[in-house]
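2 protein chains.
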Amino acid sequence: MTEQASAEIEQILGFIVEIEKLKAVIRKTRPVGLDRYENSAEHSWHVCLAALMLKDYADEAVDIDRVIRMLLIHDLGEIDAGDKIIYQSETEQQKAREAAGVKRLLELLPGDRGEVWFALWQEFERGDSADARFARAIDRVPPLLHNLHGGGHSWREHGISKTRVLDVNSRIGAGSSALWAVMREKLLAAAEDGTLP
Amino acid sequence: MTEQASAEIEQILGFIVEIEKLKAVIRKTRPVGLDRYENSAEHSWHVCLAALMLKDYADEAVDIDRVIRMLLIHDLGEIDAGDKIIYQSETEQQKAREAAGVKRLLELLPGDRGEVWFALWQEFERGDSADARFARAIDRVPPLLHNLHGGGHSWREHGISKTRVLDVNSRIGAGSSALWAVMREKLLAAAEDGTLP
Numbered sequence: 001m002t003e004q005a006s007a008e009i010e011q012i013l014g015f016i017v018e019i020e021k022l023k024a025v026i027r028k029t030r031p032v033g034l035d036r037y038e039n040s041a042e043h044s045w046h047v048c049l050a051a052l053m054l055k056d057y058a059d060e061a062v063d064i065d066r067v068i069r070m071l072l073i074h075d076l077g078e079i080d081a082g083d084k085i086i087y088q089s090e091t092e093q094q095k096a097r098e099a100a101g102v103k104r105l106l107e108l109l110p111g112d113r114g115e116v117w118f119a120l121w122q123e124f125e126r127g128d129s130a131d132a133r134f135a136r137a138i139d140r141v142p143p144l145l146h147n148l149h150g151g152g153h154s155w156r157e158h159g160i161s162k163t164r165v166l167d168v169n170s171r172i173g174a175g176s177s178a179l180w181a182v183m184r185e186k187l188l189a190a191a192e193d194g195t196l197p
Numbered sequence: 001m002t003e004q005a006s007a008e009i010e011q012i013l014g015f016i017v018e019i020e021k022l023k024a025v026i027r028k029t030r031p032v033g034l035d036r037y038e039n040s041a042e043h044s045w046h047v048c049l050a051a052l053m054l055k056d057y058a059d060e061a062v063d064i065d066r067v068i069r070m071l072l073i074h075d076l077g078e079i080d081a082g083d084k085i086i087y088q089s090e091t092e093q094q095k096a097r098e099a100a101g102v103k104r105l106l107e108l109l110p111g112d113r114g115e116v117w118f119a120l121w122q123e124f125e126r127g128d129s130a131d132a133r134f135a136r137a138i139d140r141v142p143p144l145l146h147n148l149h150g151g152g153h154s155w156r157e158h159g160i161s162k163t164r165v166l167d168v169n170s171r172i173g174a175g176s177s178a179l180w181a182v183m184r185e186k187l188l189a190a191a192e193d194g195t196l197p
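Chains H and U, in that order, give the protein sequences. So in our numbering, spot 2 of the first sequence is number 2, and the numbers just go up one at a time. So in our numbering, spot 159 of the second sequence is number 159, and the numbers just go up one at a time.
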């Protein structure tokens, strides 16, 4: 092994330890069957596997491995910026904080290796490619399932109306109209039975 | 959307909710900086990103996207079988329980779609391909880092000796000799300073 490889591996191990902080970022919904709130690291795993299993229902051709890479890194910005509920998070200030946070983390990697990951993170944020549209669609599914199976707890705690839930989550339809049709049905049924206030 | 697609999506959503139980499977090490023990879902995310960043140091040519898919599903068997520390887990009984658990989960997917994932899970378990060797190498890294940065807490709690730690983790070298050289150095230094008993 060259000394350079060894030094690079040391740097990457530093990155691996640093991103572990995502396990301490607490989200706004509880996983089905758990009393505690979810953290952003386990959420990231969950959406990767959800994307993989739902890939056949993407409206456009997607590169599922790129989608998974996006989803693996999509929440890294929260280590420095914290998690905000989606209904309040899409402000310029929050997004700028997250971008700075992702940049800081990726600069821990050797040389300019972080650059390609930062570009991928930005693509996810912009949502202007087929891969990003599908990744962003999938990212919305578990929190909706948590609410649907959990008495709408997060909607209630944050005072989110049916109109807002349907509006914000309609982005699922930009990635997969079939998935949005199924989720929309569930949301309408939840509005009917009072789970969605 | 066809009725079939809608029914398939419903089945997959059932799978997505069911695998959420991995967030409740508690492992034997604490993430760096956290007081609580790690769960297997956040661990699964962590190893995927570790594999991605360390891919250039694999000894053999690997398909990193296959490695990531393996790592996304590698712990699903623990939902039914529970987590065992590696120094005690590689028994036939535990492995049979895990295989049955993975099978049960994958059968929630539509048609025979689970079969390809079960084969991938088995390949990881056997460790007899370049992809599996690298995935298994990466799987060992975070728990070692947790111990190295956390006073050897898990080694102490379970009475694991230096010889056993070096022996079991030498599998890292089967996937990446450069990575094992770095990790082995760290373990030897930890034995020197008393972190590794």
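These are calculated hints, taken from the structure and not from any lab test. Be a bit skeptical, because a hint or two may be false.
For chains that are exact copies, the list does not tell them apart, and a pair is met inside one copy or across any two.
[What the hints assert, rightly or not] Dumping the calculated EDC-like pairs for lysine to aspartate or glutamate here, alpha-carbon to alpha-carbon at most 20 angstroms:
| # | residue 1 | residue 2 |
| --- | --- | --- |
| 1 | LYS55 | GLU115 |
| 2 | LYS103 | ASP65 |
| 3 | LYS84 | GLU3 |
| 4 | LYS21 | GLU92 |
| 5 | LYS84 | ASP193 |
| 6 | LYS55 | GLU92 |
| 7 | LYS186 | GLU18 |
| 8 | LYS162 | ASP35 |
| 9 | LYS55 | GLU18 |
| 10 | LYS103 | ASP167 |
| 11 | LYS21 | ASP80 |
| 12 | LYS186 | GLU10 |
| 13 | LYS21 | ASP63 |
| 14 | LYS55 | ASP65 |
| 15 | LYS55 | ASP112 |
If the cutoff is 20 angstroms on CA atoms, where do LYS55 and GLU18 land: within, between, both or neither? Let me know, please. between (31 angstroms within a copy, 18 angstroms between copies)
Is it within a copy, between copies, both, or neither that the alpha carbon of LYS162 lies no farther than 20 angstroms from that of ASP35? neither (24 angstroms within a copy, 38 angstroms between copies)
Cα distance capped at 20 angstroms. Does LYS186 pair with GLU10 within a copy, between copies, both, or neither? between (48 angstroms within a copy, 10 angstroms between copies)
LYS55 and GLU115: within-copy, between-copy, both or neither at 20 angstroms Cα: Between copies, since 17 angstroms is at most 20 angstroms while 27 angstroms is not.
Status of ASP65 relative to LYS55 across identical chains (alpha carbons, at most 20 angstroms): This pair counts as both: shortest intra-copy Cα distance 10 angstroms, inter-copy 15 angstroms.
Pop the pair LYS55 and GLU92 into one bin, within, between, both or neither, using alpha-carbon distances up to 20 angstroms. neither (30 angstroms within a copy, 34 angstroms between copies)
Between LYS21 and GLU92, at a C-alpha cutoff of 20 angstroms, which is it: within one copy, between copies, both, or neither? The answer is neither: 23 angstroms in one copy and 35 angstroms across copies each exceed 20 angstroms.
State whether the alpha carbon distance between LYS21 and ASP80 is at most 20 angstroms within one copy, between copies, both, or neither. Within one copy only: 9 angstroms inside a chain, 28 angstroms across chains, cut-off 20 angstroms.
Can you tell me if LYS21 and ASP63 fall within 20 angstroms by alpha carbon in one copy, between copies, both or neither? neither (28 angstroms within a copy, 28 angstroms between copies)
Under a CA distance limit of 20 angstroms, which applies to LYS84 and ASP193: within one copy, between copies, both, or neither? Classified as neither: same-chain Cα gap 27 angstroms, cross-chain 42 angstroms, threshold 20 angstroms.
How would you classify LYS55 and ASP112 at a CA-CA limit of 20 angstroms: within, between, both, or neither? For LYS55 and ASP112, the Cα distance is within 20 angstroms only across copies (16 angstroms; inside one copy 31 angstroms).
Identical-chain pair category, LYS84 with GLU3, by Cα at 20 angstroms: Answer is neither; intra-copy 42 angstroms and inter-copy 36 angstroms both fail.
Hints 2, 3, 4, 5, 6, 8, 10, 13 from the list above are not met by this structure, while the remaining hints are.
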